[in-house]
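Enquirer: If you want the building blocks of each chain, they are given just below.
There are 2 protein chains.
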Amino acid sequence: MEEKNRIPYKIYLEENEMPKAWYNLRADMKEKPAPLLNPATGKPMTAEELSVVFCDELIKQELDNDTRYYEIPQEIRDFYKMYRPSPLVRAYCLEEKLQTPAKIYYKFEGNNTSGSHKLNSAIAQAYYAKKQGLKGVTTETGAGQWGTALSMACAYFGLECKVFMVKISYEQKPFRREVMRTYGADVTPSPSMETNVGRKILAEHPGTTGSLGCAISEAVEVAVSSEGYRYVLGSVLNQVLLHQSVIGLETKAALDKYGIHPDIIIGCAGGGSNLGGLIAPFMGEKLRGEADYRIIAVEPASCPSFTRGTFAYDFCDTGMICPLAKMYTLGSGFIPSPNHAGGLRFHGMSSTLSQLYHDGYMEATSVEQTSVFDAAEFFARTEGILPAPESAHAIRVALDEALKCKETGEEKTIVFGLTGTGYFDLKAYEAYNDGRMVDYIPTDEEIAASVAKLPKVE
Amino acid sequence: MEEKNRIPYKIYLEENEMPKAWYNLRADMKEKPAPLLNPATGKPMTAEELSVVFCDELIKQELDNDTRYYEIPQEIRDFYKMYRPSPLVRAYCLEEKLQTPAKIYYKFEGNNTSGSHKLNSAIAQAYYAKKQGLKGVTTETGAGQWGTALSMACAYFGLECKVFMVKISYEQKPFRREVMRTYGADVTPSPSMETNVGRKILAEHPGTTGSLGCAISEAVEVAVSSEGYRYVLGSVLNQVLLHQSVIGLETKAALDKYGIHPDIIIGCAGGGSNLGGLIAPFMGEKLRGEADYRIIAVEPASCPSFTRGTFAYDFCDTGMICPLAKMYTLGSGFIPSPNHAGGLRFHGMSSTLSQLYHDGYMEATSVEQTSVFDAAEFFARTEGILPAPESAHAIRVALDEALKCKETGEEKTIVFGLTGTGYFDLKAYEAYNDGRMVDYIPTDEEIAASVAKLPKVE
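Residue numbers (our numbering), protein chains in the order written: chain A, 1 to 458; chain B, 1001 to 1458.
Treat the hints with caution; some may be incorrect.
[What the hints assert, rightly or not] Taking lysine-lysine pairs in the DSBU-like style, the calculated list, with each CA pair at most 30 Å apart, reads:
1) A:K81 - B:K1257
2) B:K1412 - A:K81
3) B:K1010 - A:K131
4) A:K200 - A:K326
5) A:K130 - B:K1010
6) A:K406 - B:K1081
7) A:K81 - B:K1406
8) B:K1081 - A:K20
9) A:K81 - B:K1020
10) B:K1257 - A:K10
11) B:K1010 - A:K10
[As the list claims (entries may be wrong)] Which residues of chain B face chain A? A partial, calculated answer using Cβ under 7 Å:
12) Y1009
13) Y1012
14) K1081
15) N1111
16) T1113
17) M1152
18) F1175
19) E1178
20) R1181
21) T1182
22) E1377
23) A1380
24) G1384
25) L1426
26) E1430
27) N1433
Derived by calculation from the structure, the hints in this document are not laboratory data. Backbone N, C-alpha and C fix where the C-beta goes; we use that ideal spot for every residue, glycine too.
Required output: the full structure, derived from the provided sequences and hints.
Expert: As C-alpha cells, this is what we get:
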C-alpha cells in the first residue's frame, strides 16, 4: 500500500471543481443513435409530437445529437451541491483482501436519500417541468430508486408526483413506498385499474407481477390525459444519459487530479442511465481517438438485452403506446422472472449505448444473481458499504477482473460505478442469507418468442 | 445567501486533517463523573473486577479521568478513512425555507452502512477486542444502529458478534436484522430464553416488548459465561464518549477552517454517545474558560432521563447484574411506551454528561414524537436527507431555535448533530404518514414508582 500517502481513500472534488455543464456523448459519435419513430407513421418523432408526453426543454435535449455541452442551470447545480460531489473511492481494503496488484476505484453514488445516481436526472427533469409551469409529472419505478429520486426532486420544486411502481416491487418494498410518501408522492402498484392499459393488461394476464414496460404505459397514459402533467423517465433516454454524465465528469476530474488513467471501466446496465453517465467522457475520448479504455457493461443473466437481445426497433413499453426506439431488446413483452432481485429489469437498452455496443466501442457480459450477491456480501464486509443488487453486478465483474490481475500480475487500474445502496433490498439479502436465492436464465425459446413480436419497421 | 461563495454546502476535511487522537473530556472536568460502583460492595469497581465483562484496554480508557488525548491506533484511523471524514453541512436550503437569519450547520454521521455515528466506537471496541485475542463480543441493540455498527466492525476484524436486540425493534425492523446477518452477526430478540436473566424477566413480564436495560443484562450474562468473549456497549460509558469525540473534533476543525464560531450546539441524547462526542471539544473550551457555547441536549418526552429523572446511582441494566453508575435516571425498570419510535430509549444517561448537566454546563429539553416527525419530514423535503427519528429530535430544536432567530433577527450560528438516516425506521414514518402516530408522556406517578426502586448507595 505504498500509494496510501499519495492517493486518499476518498477523492472529493471541491465545490468549484464540480462540473458546470453536462456532456452530450452523441456529439462525438460518428454513427448517431437511431431516432425515435412514431409507431403510427414509421417516421421520426417530431418535437411537437413528443410535446404531449415530455417537457419541452427535455425534448430539445433528447433530439440534439450535436451540442457537445449543456450548461447545468444554477438551480440544479445548487441542488447537486446538497449531495454531490460523490466520492471516488480507492478500494484499498478490497485490494488488500484480494491480494491483487490491480488498483480498484469506485464512484459511489449512494450517499443520498434516494440511495442511487437516479437523483442526478430526477432533479434536472423536475426543474424543467417546473420551469415550463407544469402542475406535476408521472413516472414508473421498478426497484424504486427512480421513483424515490423523482419524489425528492418534486418535493424540492413543489411539483406533484405520481408514481406507478411495478407490483412485485411495491409488495416486496413497502418501505420504498413510505419514503416516496414522505416526500409527498402518490404511489400506485402497476398494473392498476386506474388506466385503460392497466385494465387491459390485467384482463389478459391476471395475477401478473408487472413490469417496467407496463408501468411506463400507465404513467404515459395518465400524463397525456391529465391537465398540466408530463411524463418523465429515469433511464434509457438520451436526456437521461446527458444528465448522468455528471457521474463520469466528476470521476474523470477526480482521476485527472491524481494523474490516474483507468484501464477498465465497468458499469451495471439496465436501461443504461448509470453506465451511460459513468462512461460518457471516457467514451468521448475513445470516439475522438484521444485515449483508449476497456469498457464493460454488466447485465443480469435473467434480463440480458445486450448479450442475448436483438438490435432492432421496439416499443419502450408493454402497452405499445410509446415511440419506437432502436435498441438491443428482448421484446417489449419480456418480463424477467419474479425471482429476479433489484432493478436492471428493462427489456431494452439505451439507443445511444446500443449503437456504441453495436459499433464495437464497448463489451457486455451477464452475471447470475447468486454470484452477484456473493460479490455484494464480500464487498459489504470488506468496504463497509451494503451495495444495491444493481451495483453488485458491477462489483462482481470488478472482482473477477481484479482476480485476473492477481493471476497475471498486471497492475491494471479498474474503475467501477457503485450506483447505490441496498437498504431497501433486504428481502433479497434475506433470501440470499437463508440460502433460498436461485438463478434464472431465460431459455432461447422464451427470448425468441418475445423477440418474434417486435414491430415491423421499414 | 451572500456567503455561498465563501462557505461550501459541505465542508470535508482532507484526510491529513482528520483527528489523530481522541479527546477525553473528563481530563478538563473539575468535578469528575462519579465512579462505577460494585453493587455487592458499594465500592468503586476495580479494573480487575471489570475485566470479566470488558476488554482490558477499554477498561483503562473507562477509568482514566486524567489523560487528555488518546492516540487513535493506525488500524482504526484506516477504517475511519473508509467512511470519514463526515461532512459538516451548511443548511442553506433550510435557512432559505425558514427565512431565518440564523446560520445552520449539521454534522452528518449517516453516510455509512450502519447509518449512524455508532460505527466510530464500534470499530474501536472491536479493535481492542481483537488485539486482546478474543474470539467474539456480545452486545445489545435497541433501534438497531449500534448492533449494525458492531456487526460491521466485527466482520472487518474477523470477530464473532452476538447481538441481543430489543424485541419490539426486532419485530418492527426485520431488515436491521438482515443487515447484521449479512455482516455475519448472530441476532436474538430480547428478552430471550437463552439466558437466566431473560427467562426470569419473561416469567415476571410475559409478553414484554423488551428494553435496552434487559438486553444489556442478557448480553453481559452471555459474555461473562462464554470462553473468549467480552461485552461491549454503544453508549453511556466514558470510553464511548472518548471514541465519539471524533465527531466533535472533526466538527471543530471544519468550523475553525472557516473561522466559524457556533453560538448553539444541539444534540439528541439517549445514553449520550452522540451528544458527548459532538460537544466534547466545545465543552472542553467551556470548562477551561476559553470560550462559551450554549449546549442543548434533546431527549424524547417519552423517555426523559435528563429533564425528569433523578441524579443518583442506578443499575445500567434491568437485570441488575451490571455495575452501578451515577447518572440521571428514570430507574432501571423503566420501559418506554411501545409506541415510542426509534432509539433514545435508555433509562439513564452517561455519567459524564449527567455530571456536566448537574453542574450547569448544559441545558436539556424534551420533545414529543409527532413534533419530531414533523421536523423530520420538513427536513427530508428541504435538505434531501431522510433522518433517523433520533436525529430528528435535534432537528426539531434546531428548527425552533432558528425560528426564534427569525423573530428576534439574531444571526446566531447553530450546529446540530445529524446522527443518522431513517432507512430502517419506515414503520414509524408509515405511522406518521398515515396519521396514526401518537405521543406518550409518562405520568409523574409512573416515573416516581420506577425511581422508588433505585438501589440504596451510601
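Enquirer: Each hint should be assessed against the structure and marked as holding or not.
Expert: Against the structure, the hints come out as follows:
no. : hint             : result
1   : A:K81 - B:K1257  : holds, 19 Å
2   : B:K1412 - A:K81  : holds, 23 Å
3   : B:K1010 - A:K131 : holds, 27 Å
4   : A:K200 - A:K326  : holds, 26 Å
5   : A:K130 - B:K1010 : holds, 26 Å
6   : A:K406 - B:K1081 : holds, 25 Å
7   : A:K81 - B:K1406  : holds, 25 Å
8   : B:K1081 - A:K20  : holds, 28 Å
9   : A:K81 - B:K1020  : holds, 29 Å
10  : B:K1257 - A:K10  : holds, 20 Å
11  : B:K1010 - A:K10  : holds, 15 Å
12  : Y1009            : holds, 4 Å
13  : Y1012            : holds, 5 Å
14  : K1081            : holds, 4 Å
15  : N1111            : holds, 5 Å
16  : T1113            : holds, 5 Å
17  : M1152            : holds, 6 Å
18  : F1175            : holds, 4 Å
19  : E1178            : holds, 4 Å
20  : R1181            : holds, 5 Å
21  : T1182            : holds, 5 Å
22  : E1377            : holds, 6 Å
23  : A1380            : holds, 6 Å
24  : G1384            : holds, 5 Å
25  : L1426            : holds, 4 Å
26  : E1430            : holds, 5 Å
27  : N1433            : holds, 5 Å
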